[in-house]
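Colleague: If you want the building blocks of each chain, they are given just below.
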Amino acid sequence: AQSVTQLGSHVSVSEGALVLLRCNYSSSVPPYLFWYVQYPNQGLQLLLKYTTGATLVKGINGFEAEFKKSETSFHLTKPSAHMSDAAEYFCAVSDGTSGSRLTFGEGTQLTVNP
Amino acid sequence: KAGVTQTPRYLIKTRGQQVTLSCSPISGHRSVSWYQQTPGQGLQFLFEYFSETQRNKGNFPGRFSGRQFSNSRSEMNVSTLELGDSALYLCASSRQGADYGYTFGSGTRLTVV
Numbered sequence: 001a002q003s004v005t006q007l008g009s010h011v012s013v014s015e016g017a018l019v020l021l022r023c024n025y026s027s028s029v030p031p032y033l034f035w036y037v038q039y040p041n042q043g044l045q046l047l048l049k050y051t052t053g054a055t056l057v058k059g060i061n062g063f064e065a066e067f068k069k070s071e072t073s074f075h076l077t078k079p080s081a082h083m084s085d086a087a088e089y090f091c092a093v094s095d096g097t098s099g100s101r102l103t104f105g106e107g108t109q110l111t112v113n114p
Numbered sequence: 001k002a003g004v005t006q007t008p009r010y011l012i013k014t015r016g017q018q019v020t021l022s023c024s025p026i027s028g029h030r031s032v033s034w035y036q037q038t039p040g041q042g043l044q045f046l047f048e049y050f051s052e053t054q055r056n057k058g059n060f061p062g063r064f065s066g067r068q069f070s071n072s073r074s075e076m077n078v079s080t081l082e083l084g085d086s087a088l089y090l091c092a093s094s095r096q097g098a099d100y101g102y103t104f105g106s107g108t109r110l111t112v113v
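For the record, the sequence lines run as chains Y and D. Note that the numbering used here numbers the first sequence so that position 100 is 100, with each residue one more than the last. Note that the numbering used here numbers the second sequence so that position 55 is 55, with each residue one more than the last.
Hints in this document: simulated from the structure, not taken from any laboratory. These numbers come from a predicted model, not from an experiment. Certain hints may be false.
Label pairs and their calculated CB-CB ranges [stated by the list, open to error]:
{"hint": "1", "chain 1": "Y", "residue 1": "Gly8", "chain 2": "D", "residue 2": "Gln44", "range": "20 to 26 Å"}
{"hint": "2", "chain 1": "Y", "residue 1": "Thr55", "chain 2": "D", "residue 2": "Ser27", "range": "29 to 35 Å"}
{"hint": "3", "chain 1": "Y", "residue 1": "Asn61", "chain 2": "D", "residue 2": "Gly40", "range": "26 to 32 Å"}
Derived, one-sided and incomplete: chain D residues facing chain Y with beta-carbon distance under 10 Å [to be verified]:
{"hint": "4", "residue": "Gly3"}
{"hint": "5", "residue": "Ser31"}
{"hint": "6", "residue": "Gln37"}
{"hint": "7", "residue": "Gly42"}
{"hint": "8", "residue": "Gly58"}
{"hint": "9", "residue": "Leu90"}
Which residues of chain D face chain Y? A partial, calculated answer using Cβ under 10 Å [as the list claims (entries may be wrong)]:
{"hint": "10", "residue": "Gln96"}
{"hint": "11", "residue": "Gly101"}
{"hint": "12", "residue": "Gly107"}
Built from N, CA and C at the ideal position, the CB exists for glycine as well.
Whole structure, please, built from the sequences with the hints as guidance.
Modeller: As structure tokens, this is what we get:
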């Protein structure tokens, strides 16, 4: 079985500050990991994904995430927050053995203060 | 290119009725999945279809069903609606499956009264 834990349901940062959203996963096999963002009244948009290879993954809108197997983590970062980054962020895992099922974390609501 | 299109965007139904939601995936995408999103349970997997076959199913009662057509368009049906079925239903498509990253539609907001 696979699971995802996102630490902190709400994160608040100032505009221009570092964004750090935490995600830890549990998977019995090498995982595929994803970060999605959801704006109000919209679906989910893929920010970035880790499948194999380089452990530092760059995504859209200046976001990146680092896969750390030893810590079973896949934290999302952005050096400088922008007001438009305010949204809900979801970490998800797929282990490739359960068909095509994504298991999502509970989400982190990011607030960016001016 | 066109994204994933879900219709309708909003729906209000009465308890006991049934409802059908539609999803048109991105052209060339053969995998279509459905997720239910609620404030209490978060995002939960319903089922996935690939080339008209259900490849995976989540832990939902039999009232929830789906199908996929030869053009990859998909529908999901919920019978005997309950108040707890009120949710945002999201459809996602991919060329091969979740491992490649899904593109999600904007969802159908179902309210059961």
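Colleague: The structure should be examined with respect to each hint, and the outcome stated for every one.
Modeller: Evaluation of the provided hints:
| no. | hint | verdict |
| --- | --- | --- |
| 1 | Gly8/Y x Gln44/D: 20 to 26 Å | holds, 21 Å |
| 2 | Thr55/Y x Ser27/D: 29 to 35 Å | holds, 33 Å |
| 3 | Asn61/Y x Gly40/D: 26 to 32 Å | holds, 29 Å |
| 4 | Gly3 | holds, 9 Å |
| 5 | Ser31 | holds, 6 Å |
| 6 | Gln37 | holds, 9 Å |
| 7 | Gly42 | holds, 5 Å |
| 8 | Gly58 | holds, 7 Å |
| 9 | Leu90 | holds, 6 Å |
| 10 | Gln96 | holds, 8 Å |
| 11 | Gly101 | holds, 5 Å |
| 12 | Gly107 | holds, 5 Å |
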